[in-house]
Every structure is written in structure tokens, then in C-alpha cells.
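A.B. asks: Please work from the sequences and hints to get the whole structure.
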Amino acid sequence: MLIKLSGGKVYDPVHQVDGKVMDIYIRDGRIVSRPRDDETIDQTYNLNGKVVMAGAIDMHTHIGGGKVNIARMMLPEDHRADPSQHSALCRSGCGHAAPSTFTTGYRYAEMGYTAAFEPALSPVNARQSHLEMGDTPIIDKGGYAMIGSDDYFLRMLAAKKDQNAINDYVAWIMHASQAIGIKVVNPGGINAFKFNQRALDLDEQNSHYQVTPREVLKALSRAVHELRVPHPLHVHGNNLGVPGNMETTLKTMGASEGYPLHLTHIQFHSYGTEGDRKFSSGAAQIAEAINKNKHISADVGQILFNQTVTASGDNMRQFANSTLGSPRKSVIMDIECDSGCGVVPFKYKDQNFVNALQWAIGLEIFLLTDDPWRIFLTTDHPNGAPFTSYPHLIKLLMDKTFRNDMFTTLNLDAQAMSTLTSIDREYSLYDIAIMTRAGAAKLVGLHDRGHLGDGAGADITVYTDNPDREKMFEKPDYVFKDGQLVVKDGQVVKVTWGHTHTVKPEFDRGIEKDIKKYFDTYHTMSMENFKVSSDEIAEGGRGGIVVQACEGRREKSL
Amino acid sequence: MSALTFTLKKDLIQKLDVSPLTPDLLADKTHAEIASTLLWYGKKQIAAGEAFAITGIDTNKIVFDQSTSKIDHIGTGLKTGKITVNGHAGAFLAFNMSNGNITVNGNVADFAASGMAGGLLQINGNVGDYLGAAIIGDRKGMKGGIVIVKGNAGERTGDQMRRGIILIEGNVGTYCASRMLAGTIGVLGNVGEYVGYGMRRGTLILTKTPKLHATIQDCGTHTLPFLSLMFKSFSDLPSKFAQMNQNRAQRFAGDISNDGKGEILVLR
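Protein chains in written order, with our numbering: chain Z, 7 to 564; chain R, 44 to 311.
Treat the hints as calculated values from the structure; they're not laboratory data.
Just so it is clear, the structure is predicted and the values come from calculations on it, not from any experiment.
By construction, the Cβ of each residue, glycine as well, lies at the ideal position given by its N, Cα and C atoms.
Mixed in with the good hints there might be a few duds.
[Claimed, not checked] Computed footprint of chain R on chain Z; a stretch qualifies when at least three of its residues, placed anywhere within it, have a C-beta under 8 Å from a C-beta of chain R:
| hint | region |
| --- | --- |
| 1 | 78-85 |
| 2 | 88-95 |
| 3 | 331-337 |
C.D. replies: Take a look at the structure:
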């Protein structure tokens, strides 16, 4: 089966193609270079004047795992208010902030996304997360295993085990939980919370283990680097949402001593303490630091105004924020003594000083960070806003007039505290293609996705060029997933099942002896049951495991 | 002008959600527009004209004829006007209703008057469980308005109720006024076990002494002038409570395991 996409304007930053009119050929789910003249083309799509990009990749979105399910259970009103209908192709579903699994897959695909990565895959909960992602159709998925507050790791750190042992444990966790990256949430803080610490700064000791978040970050970032895992350590820093946390974030950038770090939802970590209300934007300093430190990348975690729900592994900060919930309910819980979770519904309001300033801070970071290869478009779904608001966010980035018009409707005190209107930058389609495709694929380590070169998986999105970028990006003309047409005119026309992307770094299996002893002594399940096998994921025919090559992409700097 | 009448013509297999069919949502709509209003039917949507024969023009007075317990969400969010139901009504009747008037000439299923904040709901038959209670996920039940029940009510009547008045002429099941936050419930018939379980505040008016659990405490018999005022305020209501006028009652306080500011008044 040979398909030709004819005459589209192609944006493929990996190959420096910026709006060039060219043809793309797909054979058996893969993009191929121009075939011989005598080959017959089975199907041709005339894309004259259309914009062609690789399928978009969301590198940080909470779409599976315990906390999302808790959010679903806790917010029946969210589900009641937003039902979606059963059709001949699609299952019925519901939910705006925390949609059901099937609906999540359809909505992503209908927006031109072909991959999404769950950033807080608790290893003890990995099976549940993979089962949920297994029920998410069309898109590819994967997860970052969340460690750093688990007792086994903290014991190793406290006992000053050598780095090779830590590397082996990290690799073992990635195998056991079928992950593609490693995430650390409030390094050591989730554990410190259980010892009654209610805040933990970068150089503050966990009162039980006497280890600091800095040591956790250093050990893990080095482990990820030395294992040649492409995705740098994914860091949700300390002091999320605390005014003045900008200082912590700047220090965190230096904590890895040059090993690559990805600072996630950095908007929530970029606050100063200036002004009458002791809450101000630290975007300029943060963006400057990202520009300067080449080993740092970040995604923004933009907030947008509406009802949503915040779901995080950071039980320490979620506990502190639980009184701000709207509607006022929350779940703060421990997960098998190994991890934590906090779910608090939240409504961001444009007339609220703090929320309005958060909105501006996020956009300031987007616009002041120079290198689109190191900053990523996220709302930290659903924490800042549901992923369905991405087209709106793209419009804010690409259209200065629209952005400034929105800004004038915000809380006046917040307007006075922000310099957003003085920034003239507008993102180009090429920049958007970097941020949401090429850069994201490179960051996550998807070697055959995010570009349109020979051999890439044929995940392709075709848009109609429209000056209203929100309209353009919310309804693609065509979406191809592995060469199959899955969405036409913003509607699902075929339901397929995506892959689960993983990496399998090499390690010394001898470590299992000690891990098994630990499981036998302390855990509720045996070590063998803890491990999620590749066969389990492939069972039922809903997509299997793809093992991406373990080749580091970003080098150590400093 | 004749009332806008929806006569059920479809044999319903799934639940039909008629929440879009209220006076304020249908005002100024043409007959064709009303017939094409989409209603959730199980996991699919169907046009109102497919389920109902639609006659009449006055959108301020809506009538459901041949109604069955499969029809949910009658009068959801009602702000104005009058809805009459001839036959039975399904779950979530008068959900989040803020004003207006609903009369049901038949029986009603669960979660009636949940989230109701104002207006009058009159049920001439029996009503199921969770009358005036919070639906799953909500933290407060009925928040205002008046509910009159001619028949019996099921279990958990007034669970997490926050404000408003429920007057029941028949019997009530177990856990009446459980977790009640505030408001008034009157019952002329019998109430089941565990009345006022976890009751925080609020008033329950009974005519017969119920079986009480340990954390409801007897406070003796009192003459309470507010009772006369309250019964006087009921005098215009289409209920047996309109003829009552008593101000002497035995007072029980509870649930003392949850603040204990609630009261159960048994009229003497």
C-alpha cells in the first residue's frame, strides 16, 4: 500500500524544512523517500495549500494511573456535564477535566496529536496505569516512572551506595514499570511528608533519611545519563506554587552539576515575592537561566481559565493547597508506602489576582525562552487546563494582538505586575512544529517519531492554514496514525491502537537479589508481581511495546 | 393558550434525560425547533420529536403525559413556569431547580429535589430514596424551596440537606434526615430506624415517637412558640400540614456524634 500526500506545505524541523511544498510518501505505515517512477500509487491525497506536520506529541499529560482515576471518581459533576455520544466507531464517554480513557484517545487524535506521555507512573501502580493507557485508543503512549521518594532508593542514598548500584536500581525500575523516562516529584518530599515535614527546600534534610533533594536530583540525573536514557531526568521541583520558589528552581538547575534535567510545569515554579501582595513573576529570571543553561529543558504547564482538577504525586504541596479546592473536596493519600498522590479540583479565574498572574507568567516563559527545542507546550493536563485547550494556547503564542486583548480583560492588579504586553514575539508555525513535534520527540527519545524523514512512523497531521490559529489547530483536515487515516475533518473515522514506547537500559541483574529481599520483608506484593511484562501490555491486541534505542541525546554541559 | 404537552409515544428501553425541556430553555422556540431538541437516551442522543408527540404552544406551562419512571431529569434547573407530570417521573426530578412549580400526579424515583434551591415541588404519589439528598459527588443536598409529598418517601430522605422544607404525609424509610446539615422535614406517618443518623443541624417534625439510636438524646417536653408561626406559614400549602397548629413537642437533640445541634420534635 503506497500513499502519496501531494503538494502540502511541510514543516519538518528535524530536516530543516520550513514550509516547503513537497510530496510525502507512505508505505505500510512508514514514511518512505520518493518511490521509483514505475511503482503504482494506491491512493493520493491532494493537499495543495494545506499545512503538513508530523503528529503532535504531548510529553507531559496525566492520562493514566491512580490519581487520574481518583479525579474521575471525585468529580462526577465533571463527567455529568460533558457526555460524548456512542457512535458506530467510538465508545461513549464523558469528562472535561478528567475524561474517560476512550474519550481521551479520541479527543487527542481529533486535535492532531498522535502520542501522549503519562509523567507520573508510580512503579507500584504501573500495571493500573498501563491498563488505562491500554484503553486509550489511537495515540501512542508511555510513562515516566516516578521514583525519588521511595524507601528503597532513599535507603540506598542514605547508605551512600555507589552510583553503579543506583544506576542498576533505576534501570530495574524502568524495566519493571515499562517506562521511557524517570520522573522525580518533590525530590524526597513525598517521603518527608510521612515524617510530618510540611515543606522541604533543596538543601533541607529529610528528617528520617538525612538526605536532601539536591542529593536525590544529583544521583538520579546522573543515573539516567549514565544509562544513556534519552529523556533527561524529569523533575517536578520542590516548593510547587509557593511565592518565591523561583530561587529554589534556579538552584535546582545547578543541583545536577551539569547532568541534563527537564524541569516540568515550570510556570508553577517561577514565582517571586515582590509587590504589595508578595507574589510576582519570576519568568524573566527563569527564562534567562534556561537560555543560559544548555543542560536544562522545561515544559510550561500553562494555566487557562476554567474549571479543572489538579492531580499530582506531590502530596506535600497538594495537602497545603487542599483548602483552595473548588468545589471544596480533595484526596491526599499514600500509595503502598512507596509514593503519594493528591487530587484537588480547582477553578482558575481571570479576575483572581494570583490566577491572572499565573496565566501571564506561563506566557512570559514561553515568549522569553529563545530555544523552542528546549521549551515545550503543555498545560500539565489537567492541572493547568485540560489538553483540549491546546489550540487556544497555540493562538495565544502565535497571535500577539489576541494575547494582548485577552490580557486587558484580566484582574487589573495582575496586569500591573506583568510585562507581557511589552513582548513582541510571536511563535511561527515552524516554532510550533519544533515545540510540539520535533523537540518533543527528541526530548522523550522517540527516534522514529516527530519528523517526516525516510523511515519515520507515518504519524502525520494536515491542517488548513487559517489566520485564526485556534480554529486551525482544533480541527485538522487529516490525521494519519502509522499510515492509516484515523481522523478526517476533526472527526475520528477509524479507531486504531497505538504503541507503548519504552526504553530498556542494560543493567546488572544481580541487583534483583537484594530487591527481592526488600520486597519479601516490606512490600504487600512479591517482586515478580510488581514487574509488568511486555506480554501483559500486548495482551488483548490493543498495541504492544516498542523499545526505543537507549542513546543519550543531550550531552552533559558545564 | 394551551400548555406545551409532551405525550410519550416511544417505548423507552433506556433512560431518557429531558433536562433541555424546561420553560426557560424552550421559550421563543418554534414547534420544529422544540421537536428537534436533542435528548440523551442511554449513551445516544435522540430528537424530542422521536420520543414525544408534541402539542400546544405555551412554553411557560409544560405537561408530560403518559410519563414513566424512565424519564429522568424532569425540570432540571427550572427557573420559571410550571411543569405538570401525568404519570410517573424518573430520577433527578427538579434537580437544581431554583424557582417555578412542578406537580407530579404519580410516583417518583430516586434523588428527587436534589440540589433544589427554590420553588414548589408537589408529588401526589410516592417518592423513592434520597429525596432532597446530595447526588453522588455533591456535598450538599436540597438548598431551598418546598417539597410536598402526599404518599410515602424512601430511605435517606433529606440526606445532607442544607436548607428548605420537605413535608411528607405518608411514611418514610430508614435513615431519614441522615447527615442533615440544616432545613426542615415534617412527617405525618412513621419513620424507619436510624432517624437523624449523623444529623448536624436542622429540624425534623414528627407526630409519633420513632425508634431512636443511642446518640439522639431526649431533652424533655417544651412549649415552642416558633411552631405556631411555622404552621401558620404552611397555611397556604396544598398539604395536610396547612391545617395543623400545635406548639407543644418533645424535643430530642442529635446526632451528638456529629455536633448534636439537630433536633427531632415529636408533637404532643
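A.B. asks: Each hint needs a verdict: does it hold in this structure or not?
C.D. replies: Evaluation of the provided hints:
1. Coverage of a stretch by a chain is defined here by at least three residues with a beta carbon nearer than 8 Å to that chain's beta carbons; for the region 78-85 of chain Z and chain R the count is 4, and the condition holds.
2. For the region 88-95 of chain Z, the stated coverage by chain R is satisfied: 3 residues place a CB nearer than 8 Å to a CB of that chain, which reaches the threshold of 3.
3. By the rule of at least three residues with a Cβ nearer than 8 Å to a Cβ of chain R, the coverage given for the region 331-337 of chain Z holds, with 3 such residues.
In the structure shown, no violation is registered for any of the earlier numbered hints.
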